[in-house]
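Asks: As given, the protein sequences belong to chains P and S, one line each in that order.
Under our numbering, the first sequence has 212 at position 212, and the numbering climbs by one with no breaks.
If you want our numbering, it's the position in the second sequence, counting the first as 1, plus 271.
Since the hints were made in silico from the structure, they are not lab data.
Think of the CB as a built atom: it goes at the ideal place given N, C-alpha and C, for glycine as much as any other residue.
Be aware that a few hints might be false.
Computed spacing ranges between beta-carbons, pair by pair [unchecked claim]:
no.: 1; chain 1: S; residue 1: 466; chain 2: P; residue 2: 258; range: 46 to 54 Å
no.: 2; chain 1: P; residue 1: 149; chain 2: S; residue 2: 349; range: 47 to 55 Å
no.: 3; chain 1: S; residue 1: 331; chain 2: P; residue 2: 149; range: 44 to 52 Å
no.: 4; chain 1: S; residue 1: 504; chain 2: P; residue 2: 101; range: 52 to 60 Å
no.: 5; chain 1: P; residue 1: 90; chain 2: S; residue 2: 467; range: 22 to 30 Å
no.: 6; chain 1: S; residue 1: 397; chain 2: P; residue 2: 97; range: 48 to 56 Å
no.: 7; chain 1: S; residue 1: 408; chain 2: P; residue 2: 16; range: 39 to 47 Å
no.: 8; chain 1: P; residue 1: 7; chain 2: S; residue 2: 407; range: 54 to 62 Å
Away from chain S, derived, C-beta distances all over 12 Å, residues of chain P [claimed, not checked]:
no.: 9; residue: 15
no.: 10; residue: 16
no.: 11; residue: 26
no.: 12; residue: 29
no.: 13; residue: 71
no.: 14; residue: 112
no.: 15; residue: 114
no.: 16; residue: 134
no.: 17; residue: 223
no.: 18; residue: 239
no.: 19; residue: 243
no.: 20; residue: 255
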Amino acid sequence: MSKIVVKNVFKIFGARPEAALNMIQQGQSKDQVLAATGCVVGVNDLSLAIEPGEIFVIMGLSGSGKSTLVRHFNRLIDPTSGEILVDGEDILQYDRQALREFRRRKISMVFQSFGLLPHKTVLDNVAYGLKVRGESKAHCAERALHWIDTVGLKGYEKSYPHQLSGGMRQRVGLARALAADTDIILMDEAFSALDPLIRAEMQDQLLELQQALHKTIVFITHDLDEAVRIGNRIAILKDGQLIQVGTPKEILYQPADEYVDRFVQRRVATV
Amino acid sequence: MFPERFTFSIADWVNTWVDELVTNYGDVFRHISDTLLWAIINLEGLLRGTPWWLMLAIVAAIAWHATRRALPTLMIVGLLFLVGAVGLWDKLMQTLALMLIATLISVIIGIPLGILSARSNRLRTVLMPLLDIMQTMPSFVYLIPVLMLFGLGKVPAIFATVIYAMPPLIRLTDLGIRQVDGEVMEAVNAFGANRLQQLFGVQLPLALPSIMAGINQTTMMALSMVVIASMIGARGLGEDVLIGIQTLNVGRGLEAGLAIVILAVVIDRITQAYGRARHQASQ
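This is chain S alone, in the form it adopts within the complex (with noise of 0.2 Å):
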């Protein structure tokens, strides 16, 4: 038994700052919520008002583009297609939207603090720890004040999934400008490039590869996150699976697992083809 006279506990302390924040900066919180949701609301709209045989189309056009060969296209479109044969393309398209606009987030704050964190080996010190959190505390314990700030629905469920997903990105953003050869960065150096040129032109480009790496891990534990996302009210494909759980239907469930399957499969496939860098060192 752990002596009592050692114990304590900051759960109190924790509670009223949360209280705190909901009382004196709720209407910022709202306001937040309210302009994320509209972003939200109306992605998920045009996703679902295009025909499903647009949608295809375009899939199809950017997997081309991605992986150059007929293949891997064929097989990207053809499983979306069996996701629709299903009867799952709305809530498809539901997550779909969760999902782009979770990543998006993830990639407007989490490059920057990459490039910030390959600069400043103080900032990277900081944050390795904070991201070490982010990976591993479970999401429901943030989920409870996210959910007190935000009210139930999509925005909490956005919350959750960029606090989970963007920490891969940060770290793969930082490393991989620190990879790159510090001869070709003093080379950039001596002709007199300054910040702006050195980054947009040469590490930005040379990162590249491991950046993609980056974004496709986003986007994969973005997409974990849809069935805890659908217990706090956002709709999707994760939504069929929490129902299959609660009435004990098994094959409900299933279908709207494999259909969260072949949406990552077919997003990590066309993610990894452009972060293959074409012209890359072979040596």
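The shape of chain P in the complex, shown without the other chains (with noise of 0.2 Å):
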């Protein structure tokens, strides 16, 4: 079974979403629809699934939707229309509290700007979700040491975020997210703010825990080289819509339209 099914999910920023929706469920192109109703259409009828144990890295542009689409995943936005299944569930009949115990038990999220609580420790950052859901202060304490140890930041226990460099706060946010210990992690560009040499390292750290943990990736990325080198397999958006999802080969060999070709032609340029 997959672990995440997304059917025919249309999202409509802006005041008249039905109204929205109609123009664009009758082959109105997005900028008809921002003309005539002043609504943005984030999402455009993408439909696709994801295997448990799989890096699935979705690329595309900046304004292609590929953020809000993962804020889908785990409700931070909900869809206009259309049905999502985590583990066969309907995510979206959740109410608030069952909600919350998915976010605190299933998914957790890698962000781009790290998104760490200032006021907080290294260490109270990485257990942050475990805190939530309650779990005791040893058993906090342990977890996180451990995560904290495994990617790399013994001895910062006691740092502020706003101490430690970029490539060492996406650590935290890595740790955080994985102390956890969720089936399902969200990365919303996670590596795109840091510089290349230490954008590889990470990459390379995700590989080889990835190895180990088997756990479901959903990574954002803007960049093809990324996605090549980490992605099982890759889908590219382009307005809000699915264009092609394929292993890396699949991009590369054979690119569904000129958009994707662009991609890998300027990939190929710089290489």
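Both chains are sitting in their own frames, so use the hints and assemble them into the complex.
Replies: Below, the structure written as structure tokens:
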């Protein structure tokens, strides 16, 4: 069974989502909808399935709706219409309590600009997911220390986020997500804010961790190199629509259209 | 000349309303007034009953805890000693009691209102003009009905002070919470924190510098009401300013005025020091 299934999801931002939804379902373009209703189409009739234990990369230019899409998986954003299943359960049916439980136990997230709590130490930041769901203090500390050690931040437990470099901060973000011990980890441009060397290092570390952990990782990026390097499968988004899904090889050698091809060409040109 | 047929007055309507309030709900207000008075008198008694040297020691301890520096602490204690030296110690304590109660009430009402207003744009739209009115309406306008409801003395003084001093606290609490980084809130949400965990674990701690600035403003504005408060029968430093004006005793007025300034400086330095967050992101 697929871990995450997305079926015909639309997301429309603005004051008149019903009207906009009607228009887009009749095949009007994003720009036409914007002109007529003032609504922005974030995700447009998107369906995909993510398998357990894979690193699934969602790629696209900025504004393609990739960050919007990934926020649907833990319902930081609710779709205008469509269905989202996680482990076969329709997460859109969850009430507030069930949604909280779902976020606490099943899915965690790493953010582009880290999203760390500036007033808490590295240790407390990493333990945050555990603390929120009410684990004992000793258990929180033990787990947090373990993951701080694993991501290579031993000795920084008592530091505050502003005392760390960007790369180290994102290690804290990663450790926080890992410590929550969820099946699914969402990574929203997690490495995009880091410089190239640190970025490559973090990619290696992620792959290494994944070999041992077999999590389901949904990784958002705008960088094809990164996508090819870490992805088991890659989905390419444009204007909120899915253009192509496939293994890195399929994307590189059988680009579905000119948009994908342009990504690939750019990559060949820079190598 | 403005044409007669366009004019109207709400004065009669308001007068009837206040009269009815006084006749029908006088007992309720009397009860509130008595409770408040009891609190003020007890606090005042405690402050005035405390020996002056113990009081100075307590203030010194608080100042040290807040600033962690010797010079400001010494300055604060020295200034307060000066007030005592010109014979205004008792009145200083009376004013302090009044101000502490007014600030406490402002905090109890203001911070929750600020939190609610940060959560709801609709409430904010209603609240903000109301706060503007509270700050700009000359206090004598609402002092008249307040006097009718509560009688002369400390209680109406507290009311007038709270109305004038609370708005900045509400504004700054609202602002502080709204300024918490959106991605931090998203992260906290993504890990399944409930409303209380978000509020007490993240929003309030991160808004603390702003909230403390609000409390600082509230105390400063409360002090600026001291003279008006003494006009309606609240005792304290304002009383001496008033007597100074009435008897053309410029010197006495100035002494009391300076004592108010000193109290303001002391409270300002201490609350500001607490407002400086120790672990804020430096960028």
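Asks: Please confirm whether residue 114 (chain P) is truly not at the interface, meaning its C-beta sits more than 12 Å away from all C-beta atoms of chain S.
Replies: violated (8 Å)
Asks: Looking at residue 16 (chain P) again, its CB stays over 12 Å from all of chain S?
Replies: holds (19 Å)
Asks: Just to be sure I understand the hint, the distance between the Cβ atoms of residue 408 (chain S) and residue 16 (chain P) should be within 39 to 47 Å; is that true here?
Replies: At roughly 41 Å between Cβ atoms, residue 16 (chain P) and residue 408 (chain S) fall inside 39 to 47 Å, so the hint holds.
Asks: Run the C-beta distances from residue 255 (chain P) to all of chain S and say if the shortest one exceeds 12 Å.
Replies: Given that every Cβ of chain S is farther than 12 Å from that of residue 255 (chain P), nearest at about 33 Å, it holds.
Asks: When you take the CB atoms of residue 397 (chain S) and residue 97 (chain P), is the distance between them in 48 to 56 Å?
Replies: violated (31 Å)
Asks: Just double-check residue 134 (chain P) for me: nearest Cβ-Cβ distance to chain S has to come out over 12 Å.
Replies: violated (10 Å)
Asks: If we take the beta carbon of residue 243 (chain P), is the closest beta carbon in chain S still more than 12 Å away?
Replies: holds (27 Å)
Asks: Has the hinted range 22 to 30 Å been met by the Cβ atoms of residue 90 (chain P) and residue 467 (chain S)?
Replies: Since the Cβ atoms of residue 90 (chain P) and residue 467 (chain S) sit about 28 Å apart, the hinted range of 22 to 30 Å holds.
Asks: Hey, does residue 26 (chain P) actually stay past 12 Å from chain S on C-beta?
Replies: holds (33 Å)
Asks: According to the definition I'm using, a residue is off the interface if its beta carbon is farther than 12 Å from all beta carbons of the partner; does residue 29 (chain P) meet that for chain S?
Replies: About 30 Å separates residue 29 (chain P) from the closest Cβ of chain S, which puts it past 12 Å; holds.
Asks: Going by Cβ atoms, does residue 112 (chain P) stay more than 12 Å from chain S at every point?
Replies: The assertion about residue 112 (chain P) is violated, with a minimum of 8 Å to chain S.
Asks: Is it true that residue 466 (chain S) and residue 258 (chain P) lie within 46 to 54 Å of each other by Cβ?
Replies: holds (48 Å)
Checked against the numbered hints given earlier, the structure breaks hints 6, 13, 14, 15, 16 and satisfies all the rest.
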